[in-house]
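Colleague: These protein sequence lines map, in sequence, to chains W and V.
Per the working numbering: the first sequence = residues 1 to 192.
Per the working numbering: the second sequence = residues 1 to 192.
Wrong hints could be hidden among the right ones.
Identical copies look the same in the list; a pair holds intra-copy or inter-copy alike.
To be verified - Pairs of lysine-lysine residues, derived as DSSO-like cross-links and limited to a Cα-Cα distance of at most 27 Å, are as follows:
no. : residue 1 : residue 2
1   : K164      : K124
2   : K164      : K16
3   : K164      : K99
4   : K164      : K125
5   : K125      : K67
6   : K47       : K164
7   : K99       : K124
8   : K16       : K49
9   : K171      : K67
10  : K125      : K99
11  : K125      : K39
12  : K47       : K99
13  : K171      : K123
14  : K99       : K39
15  : K39       : K67
16  : K47       : K123
17  : K164      : K39
18  : K123      : K99
19  : K49       : K171
20  : K171      : K125
Calculated from the structure, these hints are not laboratory results.
Number of protein chains: 2
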Amino acid sequence: MSETQRFRSILEHAAKLIFQNGFEATSMQQIAEASGLTKAGLYHHVKTKESILVAINHYGLDLFEEKVLNPVANIEDPVERLREAMRRNVMLVTEDSSKEVTIILHEHQTLHGEVQRELNARKKKYVTFLESAFREAIERGQIRPIDPTIATFSFLGTVLWTYKWFRPDGKLDTQSLTAGMIDLFFAGLLPR
Amino acid sequence: MSETQRFRSILEHAAKLIFQNGFEATSMQQIAEASGLTKAGLYHHVKTKESILVAINHYGLDLFEEKVLNPVANIEDPVERLREAMRRNVMLVTEDSSKEVTIILHEHQTLHGEVQRELNARKKKYVTFLESAFREAIERGQIRPIDPTIATFSFLGTVLWTYKWFRPDGKLDTQSLTAGMIDLFFAGLLPR
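Please take these sequences and the hints and turn them into a complete structure.
Modeller: Set out below in structure tokens:
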């Protein structure tokens, strides 16, 4: 296991504990045990509980950039770029392995100040990416002239709310879910 | 102020404190002070911090039923019923007064057991209501034959994610937001 993989594994274990028991109730000792490390071993990677929380958030954004944003950034057709972003993002948030990382990224509220501003700036990049793609698609006449900001947040809500209700063992599989969501959302954008 | 109004005011103050400081870090004393009550006065209304949390969740669902579900339940046309539900629900979650109640309703994770099952059953009613309306609209040929479950969760994501990003002092007003979201979502359902 590389250093990066080991660190990510610590963050995934920590995210599960924080999600289950709350941030206050989770101790460094518990995080070490869950990760199969001694407390000294854990401190080699990370010094404070707050810095683990910050690292979980950045890990969630790293995963998002690796699996969603970077692979679609160079797709020339803006509608194709948006469709592929939706497909990849639904896949990411319905993946069981990083579920708690995703929840903490979107719901944890104890971080403030500079740390929170940095995270918000990274999240904002996705909003700007989506707005630009909608704008480009409108200019090219591929979609009708909707408000790019409203389209962006409808897109994000449709995609991100999924982690709140989707169960991999339910009656819908991710393939059908993704195809259905893309069909519904992009049909609303068609020129009349 | 009626007893109900007084109780709701306590719940709104408690929700703000719990949202700001976390559930563990919030004391009954702080909730009493924020509500302008003595501790004895607060205990007249509610006995434990956990029961306040439960009451905040039920209050969030009461507000939702009063302002969204009940007023639209008897609209005969299923598409009109869905449009009006979307309009009213966006208005509710963008209202500043009950913002923290909404966030706790959708994000707080410490409740379990029977209490959580009751809350889930109340939330489930809305899912069933939406699925039935989509199904009815398909049967009547008003919308194309999409998957009612995917449509339901796309609807919910679009609407509920709003509380995470919408700012009343931002460049979008609630009227334009609601109109834009309804236009985008329902255009995707039109028969081809």
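Colleague: When no copy is specified for K47 and K123, does a C-alpha distance of 27 Å or less occur within a copy, between copies, both, or neither?
Modeller: within (25 Å within a copy, 41 Å between copies)
Colleague: Reference check for the pair K123 and K99, CA-CA at most 27 Å: within, between, both, or neither?
Modeller: Both: 17 Å inside a chain and 22 Å across chains, each within 27 Å.
Colleague: When no copy is specified for K164 and K125, does a C-alpha distance of 27 Å or less occur within a copy, between copies, both, or neither?
Modeller: both (23 Å within a copy, 16 Å between copies)
Colleague: Check K99 against K124 for me: Cα-Cα at most 27 Å, and say if that holds within a copy, between copies, both or neither.
Modeller: Close inside one copy (21 Å) and across copies (22 Å); limit 27 Å.
Colleague: With 27 Å as the alpha-carbon cut-off, assign the pair K164 and K99 to within, between, both or neither.
Modeller: both (10 Å within a copy, 19 Å between copies)
Colleague: Within a copy, between copies, both or neither: which one fits K164 and K124 at a CA-CA cutoff of 27 Å?
Modeller: Result: close both inside a copy and across copies, 21 Å intra and 13 Å inter.
Colleague: Can you tell me if K39 and K67 fall within 27 Å by alpha carbon in one copy, between copies, both or neither?
Modeller: neither (32 Å within a copy, 51 Å between copies)
Colleague: At 27 Å max between alpha carbons, let me know whether K164 reaches K16 within a copy, between copies, both or neither.
Modeller: Answer is both; intra-copy 15 Å and inter-copy 23 Å each pass.
Colleague: Which holds for K99 with K39 at a C-alpha limit of 27 Å: within a copy, between copies, both or neither?
Modeller: Classified as within: same-chain Cα gap 25 Å, cross-chain 40 Å, threshold 27 Å.
Colleague: Treating 27 Å as the Cα threshold, decide for K171 and K125: within, between, both or neither.
Modeller: between (34 Å within a copy, 18 Å between copies)
Colleague: Using 27 Å as the alpha-carbon threshold, which applies to K47 and K99: within, between, both, or neither?
Modeller: Result: close within a single copy only, 24 Å intra versus 35 Å inter.
Colleague: How do K125 and K39 come out at 27 Å by Cα distance, when the copy is not named: within, between, both, or neither?
Modeller: neither (36 Å within a copy, 47 Å between copies)
Hint compliance for this structure: hints 6, 11, 15, 17, 19 are broken, all remaining hints hold.
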